[in-house]
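Here are the chains, one letter per residue:
2 protein chains.
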Amino acid sequence: MSVRIVIIGCGFGGLEAARALRGAEVQVTLVDRTNHHLFQPLLYQVATAGLSAPAIAAPVRHLFRKQENVTTLLGEVVAIDPAARLVRFADGGSVPYDHLIVAAGSTHSYFGHDEWAPHAPGLKTLADAFEIRRRVLLAFEQAEKESDPARHAAWLTFVVIGGGPTGVELAGTLAEIARHTLPGEFRHIDPAGAHILLLEGGARVLQAMPEKLSASAQRQLKKLGVQVRLGARVTAIDAEGLEVHAGDDTPPYRIASRCIVWAAGVAASPLGQQVAQATGATSDRAGRVVVEPDLSVPGHPTISVIGDLAAAKSWLAGHEPRPVPGVSPAAKQMGRVAAANILRRLRGEATQPFRYHDYGNLATIGRNSAVVDLWTPWRHVEFSGWPAWMFWLFAHIYFLIGFRNRLVVLIDWGSAYWSRERYARVVADIEPGARDA
Amino acid sequence: MSVRIVIIGCGFGGLEAARALRGAEVQVTLVDRTNHHLFQPLLYQVATAGLSAPAIAAPVRHLFRKQENVTTLLGEVVAIDPAARLVRFADGGSVPYDHLIVAAGSTHSYFGHDEWAPHAPGLKTLADAFEIRRRVLLAFEQAEKESDPARHAAWLTFVVIGGGPTGVELAGTLAEIARHTLPGEFRHIDPAGAHILLLEGGARVLQAMPEKLSASAQRQLKKLGVQVRLGARVTAIDAEGLEVHAGDDTPPYRIASRCIVWAAGVAASPLGQQVAQATGATSDRAGRVVVEPDLSVPGHPTISVIGDLAAAKSWLAGHEPRPVPGVSPAAKQMGRVAAANILRRLRGEATQPFRYHDYGNLATIGRNSAVVDLWTPWRHVEFSGWPAWMFWLFAHIYFLIGFRNRLVVLIDWGSAYWSRERYARVVADIEPGARDA
Chain A
1 MSVRIVIIGC GFGGLEAARA LRGAEVQVTL VDRTNHHLFQ PLLYQVATAG LSAPAIAAPV
61 RHLFRKQENV TTLLGEVVAI DPAARLVRFA DGGSVPYDHL IVAAGSTHSY FGHDEWAPHA
121 PGLKTLADAF EIRRRVLLAF EQAEKESDPA RHAAWLTFVV IGGGPTGVEL AGTLAEIARH
181 TLPGEFRHID PAGAHILLLE GGARVLQAMP EKLSASAQRQ LKKLGVQVRL GARVTAIDAE
241 GLEVHAGDDT PPYRIASRCI VWAAGVAASP LGQQVAQATG ATSDRAGRVV VEPDLSVPGH
301 PTISVIGDLA AAKSWLAGHE PRPVPGVSPA AKQMGRVAAA NILRRLRGEA TQPFRYHDYG
361 NLATIGRNSA VVDLWTPWRH VEFSGWPAWM FWLFAHIYFL IGFRNRLVVL IDWGSAYWSR
421 ERYARVVADI EPGARDA
Chain B
1 MSVRIVIIGC GFGGLEAARA LRGAEVQVTL VDRTNHHLFQ PLLYQVATAG LSAPAIAAPV
61 RHLFRKQENV TTLLGEVVAI DPAARLVRFA DGGSVPYDHL IVAAGSTHSY FGHDEWAPHA
121 PGLKTLADAF EIRRRVLLAF EQAEKESDPA RHAAWLTFVV IGGGPTGVEL AGTLAEIARH
181 TLPGEFRHID PAGAHILLLE GGARVLQAMP EKLSASAQRQ LKKLGVQVRL GARVTAIDAE
241 GLEVHAGDDT PPYRIASRCI VWAAGVAASP LGQQVAQATG ATSDRAGRVV VEPDLSVPGH
301 PTISVIGDLA AAKSWLAGHE PRPVPGVSPA AKQMGRVAAA NILRRLRGEA TQPFRYHDYG
361 NLATIGRNSA VVDLWTPWRH VEFSGWPAWM FWLFAHIYFL IGFRNRLVVL IDWGSAYWSR
421 ERYARVVADI EPGARDA
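Going line by line, the protein sequences match chains A and B.
Numbering follows our numbering, with no gaps: position 409 of the first sequence is 409.
Numbering follows our numbering, with no gaps: position 379 of the second sequence is 379.
Some hints here could point you the wrong way.
Since the list gives no way to pick out one identical chain from another, each pair is judged satisfied if it fits inside one copy or across any two copies.
[To be verified] Straight-line Cα separation of at most 20 Å, EDC-like style, residue types lysine to aspartate or glutamate; simulated pairs:
hint, residue 1, residue 2
1, Lys145, Asp114
2, Lys223, Asp148
3, Lys66, Asp91
4, Lys66, Glu141
5, Lys124, Glu320
6, Lys212, Asp358
7, Lys212, Glu243
8, Lys313, Asp249
Hints in this document: simulated from the structure, not taken from any laboratory.
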């Protein structure tokens, strides 16, 4: 009987780990609580009505139909049991493992203010994206019906909290929608008059980028019509707006807004806590599990943690180990290394430490607007504007899973580029909490 | 100040009425409770994961962006007030009218058994389609996990109730999914072994078609792997299955099924009842408002009712008036006539009676399978199989609103035709009642 490897989560890390086990004499069980792999870098396009959900989500089962050593299971993992070597599901079922890879990813964090969640949804899942799409589109509809000037202004004020890549993409695209997609379609309001605010607590947007590119991104945002407020800490959020603290010298002020999006904080999946408890591993402040150089959990060589759930370091002989950032290339690389290390163990070989290959960083802002920070083998390249946008576009389409998705995304973007229309402007149910498209 | 025309509902009837008023010196307000026009003939494709929602739903606001006399309003109409000439919304607002066209359409009817609704969803809205998609895809997932043979069989038994066009399309497509899309992707079950049942209370499927085509449709269904049961009346539905009465001579029997779809009954929107009460009009057994030959409500020349909400007759000099069927071409024709009659009234001319031009009937069953019953000016044509399917395909793509949708639908179908894959196999939230894609 062959060795049973269970992988929890089919994001970039889990998917890559399962792929790396192709052809190996092992039985892989890939468990996820959804039925699809989500191409998260384009999720903001679903939230802003530029793409439909199926364009960026592929059924996991379909992706592995030809890799016969992979079994796909739909289920929500609530616990792991290292003594019994079992993964336990919410519905009471369980699945045994010889080796386990935990790749459950991250969720958004409100820094202890979970009461903000209903007023400022984050963007991690398709359901999140539909909720944001619903709120954005309905805010313009409500504004069209509203005659009271103050309430009218609140409906047309959109606030994105957090100046990382997701916040920048969302704010830039909201500005595009307001300035270019919707004008001409309303009779009582001018959508181009909408206020798009991007609030960042730190001193610049895109802090993972070089300062020059942060400044460029900020200029490009301004050009698209986004008001960027730096050093702006959010101290309260409710259904009518939010309160912002701009520094110790100034009193907090209020922004009336009916559409607030949270792109500020990320925390590890709650499963990280569970893994740490079950194995005695430590977890860091963000809830990530601290792992060995080979990505296994200390004292549990049969359990590896990868991706956003791992507090991992990059090891290179002669250098200080460096923390690995929570980005998708790192998750994919960890997936490959964790899988390879399991195969090494099965062959009786020594495992190898994880080394993160950083190829750089890129972020888009809007039509023709992006910043790219590339580490090529030859030199370090920074560029922005239209060339960066083209680079971003083709990089993302290249990495999209499945040929059909690539083609449809290209068509959608091609037509959106020329017409500035966003075709996925569909809200299935108007009531909050109902189902959307 | 120009004349105010309010249109309730932006299905085929309302949309066509608004379009027919292009260029007229009137102010049109188009009210709907969703933000999109839905191409309902392809809704079953969304329910069966062949198309994404945005491919068949276009934002109403966008469709009328260039028709400047149209204002689009999102709102749920709860009442009309003929004395005050007001349409009242659920949120307390109202909008005044000089002429009113009510085109609120139909909903599914459980023939007095509303308790069946949670166990057998119908297919009218995008939200319905997502719910059916969720149930179909998750039934296969549950079967893959289930070891108990009886429960396993119940997960793999799909029952469609009602042998009209929607029921036939759904059953045929479910058979396609089970036989051709999913095989090879599961490790524990054989999806091709799923049972697809189509229950029809009457003596044949597609009763609006000639008998020869009904028989052909039934043969094509059988070939696709659908079990058709005629004369089968459903007497109970619960979470575990349903009870069927096959005639007075046989006792009722049970079918264990975890995925039941309701395609049997249609009733007028509840707004029909409201209009009848407010105007003193009569409504028929299905809740439709009985209208004058010119589609206005008796005694209320400023109010017209069209589409599925109207119990209308087709008038042709020298012939008995004939009831108009609840199909989209009839709704579109009524929309045009109602709009033209309002303009005639405004010019002081006599209104004209509605005459329904019946061009025939078509229904698809699955890949390469359809039936077509055409009334051309020259002769009556019936055909089925592959030519009928091609005809159905191009007719539907031709009538799809918006060029982009047509292109994407063509691509989706082209790729689905060759690969037999269905790309929209995405369930956003696994929990029932949650949001889907």
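Hint-by-hint comparison with the structure:
Proximity of Lys145 and Asp114 under a CA criterion of 20 Å is satisfied in neither setting, with 31 Å inside one chain copy and 34 Å between copies. With identical chains, the CA atoms of Lys223 and Asp148 are never at most 20 Å apart, being 30 Å at best within one copy and 62 Å at best between copies. Proximity of Lys66 and Asp91 under a CA criterion of 20 Å is satisfied in neither setting, with 28 Å inside one chain copy and 53 Å between copies. In this assembly of identical chains, the alpha carbons of Lys66 and Glu141 lie at most 20 Å apart only when taken from different copies (18 Å versus 46 Å within one copy).
In this assembly of identical chains, the alpha carbons of Lys124 and Glu320 never lie at most 20 Å apart, being 33 Å within a copy and 61 Å across copies at closest. Within a single copy, Lys212 and Asp358 get their C-alpha atoms as close as 19 Å, which meets the 20 Å cut-off; across copies the closest is 67 Å, which misses it. Proximity of Lys212 to Glu243 under the C-alpha cut-off of 20 Å is found in neither arrangement, the shortest distances being 30 Å within a copy and 70 Å between copies. In this assembly of identical chains, Lys313 and Asp249 lie within 20 Å of each other by CA distance neither inside one copy nor across copies; the values are 39 Å within and 75 Å between.
The structure fails to meet hints 1, 2, 3, 5, 7, 8 from the earlier list, while all remaining hints are met.
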